[in-house]
Amino acid sequence: MLIDVKNLSTHFVLSRGVLKAVDNISFSIDKGEILALVGESGSGKSVTALSLLRLIPNPPGKIISGEIVFEDKDLLKLNPEDMRHIRGNRIAMIFQEPMTSLHPILTIEKQVVEPLLHHKKIPRTKAMKACYQLMEKVHMSEPALRGKSYPHMLSGGMKQRSMIAMGLSCNPSLIIADEPTTALDVTIQAQLLELLKDLTQELGTSMLLITHDLGIVARYAHNVHVMYAGRIVEKASAQNLYARPRHPYTMALMASIPRIDQDSKKLAPVQGNPPDLLNLPKGCAFYPRCSKKQDQCMEHAPKLKPLSNNHEIACWMYE
Amino acid sequence: MRHYVVERLLYSFLILLLISILIFVLARLMPGDPIHAASMINMDLANKDIIKELQHDFGLDKPLYLQYLYWLKDFIKGNWGVSFGSGEQVLTMFMRRLPVTLELFIAAMIWAIVIGFPFGIISALKRDSWLDVFFSSTAVLGVSIPVFWESIVLIYIFGVYFQVLPPSGFVPFSESVLDNFLCMLMPGFVMGTHGAGLLSRYTRSCLLDVLSQDYIRTARAKGLREITVLVRHAAKPVLIPVTTIMGLAWSYVIVGSFFVEYIFALPGLGRMAANAIFARDFPVIQATLFITAIHIVCMNFLIDIIYGFVDPRVKIHDPA
Amino acid sequence: MIRHKQNNSRKNSTDGQQWKKPSVLRSLFKHKLSCIGLIIIMLLSFMAIFSPFIAPHDPNEQDLYHVLEPPSWNHLLGTDDVGRDLLSRIIYGSRVSLTVGILSTLFSGIIGIVLGLIAGYRGGIIDMIIMRITDTFMCIPGFVLLLVIAAVIGPGLINIIIVVSVLGWTGFARITRAQVLQIREMPYIEAATACGASGLRIMFRHLLPNSAAPLIVTASLSIGSAIMLESGAAFFGLSIQPPTPSWGKALRIGYSYLEIVPLFSIAPGLMITLAVLAFNFLGDGLRDILDPQLRGARERNK
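Protein chains in written order, with the working numbering: chain P, 1 to 319; chain L, 1001 to 1320; chain U, 2001 to 2302.
Read the hints as simulated data drawn from the structure, not as lab findings.
Be careful, since some hints might not be right.
[Claimed, not checked] Quick list of in silico lysine-lysine cross-link-like pairs, PhoX-like style, CA-CA up to 25 Å:
no., chain 1, residue 1, chain 2, residue 2
1, P, Lys6, P, Lys77
2, P, Lys129, P, Lys73
3, L, Lys1236, P, Lys110
4, P, Lys121, P, Lys137
5, L, Lys1236, P, Lys148
6, P, Lys31, P, Lys73
7, P, Lys120, P, Lys77
8, L, Lys1126, U, Lys2032
9, P, Lys148, P, Lys126
[What the hints assert, rightly or not] Far from chain U by the CB rule (all over 10 Å, computed), these chain L residues:
no., residue
10, Glu1007
11, Phe1013
12, Asp1049
13, Asp1074
14, Thr1092
15, Val1160
16, Asp1179
17, Leu1239
18, Thr1244
19, Phe1259
Where a beta carbon is used, it is the ideal one built from N, C-alpha and C, also for glycine.
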């Protein structure tokens, strides 16, 4: 196990109340594994990612409990100096909006080379060379030109490639990709995801892929965890999840994907409204929208229990 | 880049032209003219014919637009006319008093920057702490205190009560560096107060805004030390908008000079202008106002150009 | 990012359920400052409106036997250079400052907003002309212009109101125009035009109310700056004429007697500072309250 997360909870204190963005989740990622974290907006996936790197903005957010064991250390107990050593170096992150995530007034080469210079302490010329090699590796066209350009001169795809180069520069054990292609065109999406998959396989890097797009998950992930309202409701391999989704939420999600090979006239969205994270129901969070609800679902929140090999589910249907 | 500079230059000239017209019109709209005013005092001039002759000599009997054009032409050539009050060349008067005002301005800006920046930065970094509340309130105070009152209060405390600083008067640099420094201390501080308050508030809000941006989060995600994040990633995006505020701070300094030079009895341009306004001394009024406006326009032009160089997003800085 | 400063640790309890809000400090203080501002403004307004009832003496009553006296039970702040009670003069002085401040902001607001609406909505040449004029005015520092214009039209209450109004409109014009430029592309403006609404109707019924928030902030700050300008003019004798009490004028005269009765210049100046401070606090508080709302609206409309 490369990273083992136990009972992680991250809350945000707002004037309207306490928002439980991540509520007692546990999961782990193995070496070389691509784990997808799936869920709709507000399910807590991005907050999970930021929590791993302890990048939660302190007012108003705080990681209030849990353990994140990575390379024999509990990240939540590290002092700031050691944590900084981990960020960008052992665990790297790629953000969703390359438009705003890159510094507007620094050239690409300066930004890509920065983690290398900071963490590896190699001389500048060597670092620059490595930087341009990286840019070639992520298939940036004309790296020499791009390197000296500013972010606003690059296309979305190029910007994201820069971010990928930046993320992989120190050869991290884990890369967290937070919706890396959501802001990009569909054609570029496929290219970039292939690139990520190839690179992570080649370098033996694990990846935590965060997305709301089930199509991506099917193609690129080994395992999938489905999140809803800050909790993980289903864990399975990508294959199993698609072949046999168990949780009513997952099933509803799958059913809502329009398919070319089916002859349906109407779209089938997930019933009901997204949960209000400030006012979660007492029992299962999905209860208001569930088509398979039972009485006990309203009273008690189900816990994740293993169903079959490698398939865990949090639902009273399967108890 | 050249496009931008040329465009800004043309724009500045247009504004200057409009300003010159405005100033000229305003000066001439003042009731009465100095010759009549002088004739009130000096009975020798009370003769109508003499008045007419003097008016002709000073070109006051020509149509207004001609007077404007002559004035403009002369001004550009460096002939700023002759003061109605003292008979001196306006340009000479100006040059004599310029160093005093210049020294005052520089002192004021130094105070403004030295106080304003750190206050703003600390306020932003220690947001919502007591330090922040204190510094922010002080900044608002700085902007709210009238310059003339602040001068009086400081003069009372340091000049009258404690008697450590000269309450007024000016000693040139050439005579005594120490005395010069001492007599510029309070005026400079007072004039810089408003600018300091402005700078502090603006720096704080810019820094807070920048720190909430995604690219700062990326910088932190790279594992950089917080000081590196601040200096390498946050500093420039903050300095750019803050520089534009300097222009505004500078105009507050200019306004301050009227009061400060009067109260502290400093022989500078502000005092000369104020006296001229009260005496209806047209040439001096016109020249001073115009120079003030010119140098504000130049300031803004400079700031625009610096902006163009420093911020690559202003699409003029293309390494390709 | 978790900072290891423990300033919120007292507010955490171990079960993670109970939370005291860490940003209470901020909202409280922001509100506090604008509350303080509001209270001061109300006190000053009260002072101005009810001066005859509050002032212990007639502000114009001279007593040449008791000139430049220090504070006493009869005259709490002492007397001025012709024996008038300083406290009463200061109380009455609020009338001038507040009147000029509020009225001139009102007028410059009207001028500026109308010009800004037209410039922003019509665009094109009209916009350019109006903006050039605005820029021209902005290039001459307000007070300098005030001195010149006041010298042209002479002193007096009405004149000073006119002058300060003429100085303040540029701020309103700029902000209104900026708001209009943002809003004018919104779908509901298109819809209104499609329904046949006239330009005037669109400007006043749709554009203006939706630009209100930053304008309210500007108005509050403008009043503060108008009070500052007026007292500056009064200092140079260009505002309301004696014997009407005025803070700026009192300051000027008091300066001559600084060594004898410092209170003569300290007190009026303090009042000016308080007034300007109050309106600045209020304006800032309003800006803090209104800005998140603005930003929220902008985000939603993207």
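These are the hints, each one checked on the structure:
Under the criterion of a C-alpha separation no larger than 25 Å, the hint pairing Lys6(P) with Lys77(P) is consistent with the structure, at around 13 Å. A C-alpha spacing of about 33 Å is found between Lys129(P) and Lys73(P), which places the hinted pair above 25 Å, so the restraint is violated. At roughly 15 Å between alpha-carbon atoms, Lys1236(L) and Lys110(P) fall within 25 Å of each other, so this suggested pair holds. For the hint linking Lys121(P) to Lys137(P), the alpha-carbon distance of about 22 Å falls within 25 Å, and the restraint holds.
Between the alpha carbons of Lys1236(L) and Lys148(P) the distance comes to roughly 18 Å, so the proposed pair stays at or under 25 Å and holds. Of the supplied pair hints, the one linking Lys31(P) and Lys73(P) holds, its CA atoms being roughly 16 Å apart against a limit of 25 Å. Among the hinted pairs, Lys120(P) with Lys77(P) is consistent with the structure: their alpha-carbon atoms are about 24 Å apart, no more than 25 Å. In summary, the hint linking Lys1126(L) to Lys2032(U) is supported, as the alpha carbons are separated by about 19 Å, within the 25 Å threshold.
Taking the CA atoms of Lys148(P) and Lys126(P), the gap is near 17 Å; set against the 25 Å cutoff, the hint holds. In this structure Glu1007(L) is separated from chain U by more than 10 Å, as the shortest Cβ-Cβ distance comes to about 14 Å. The claim that Phe1013(L) is not at the interface with chain U holds, since no C-beta of that chain comes within 10 Å of its own (minimum 12 Å). Here Asp1049(L) stays apart from chain U, with its beta-carbon at least about 28 Å from theirs, past the 10 Å limit.
Annotated as non-interface, Asp1074(L) keeps its C-beta farther than 10 Å from every C-beta of chain U; the closest such distance is 20 Å. Once the 10 Å rule is applied to beta carbons, Thr1092(L) is consistent with being away from chain U; the minimum gap is 22 Å. For Val1160(L), the condition that its CB be more than 10 Å from all CB atoms of chain U is violated, with the nearest at approximately 5 Å. Every C-beta of chain U lies more than 10 Å from that of Asp1179(L), the closest at about 22 Å, which supports listing it as non-interface.
Chain U leaves Leu1239(L) outside its interface by the beta-carbon criterion, the shortest separation being 23 Å against a cut-off of 10 Å. With a closest Cβ-Cβ approach of about 13 Å to chain U, Thr1244(L) is found to remain outside the 10 Å limit, as its non-interface label requires. For Phe1259(L), the condition that its CB be more than 10 Å from all CB atoms of chain U is violated, with the nearest at approximately 7 Å.
In this structure, the earlier hints numbered 2, 15, 19 are contradicted, and the remaining ones agree with it.
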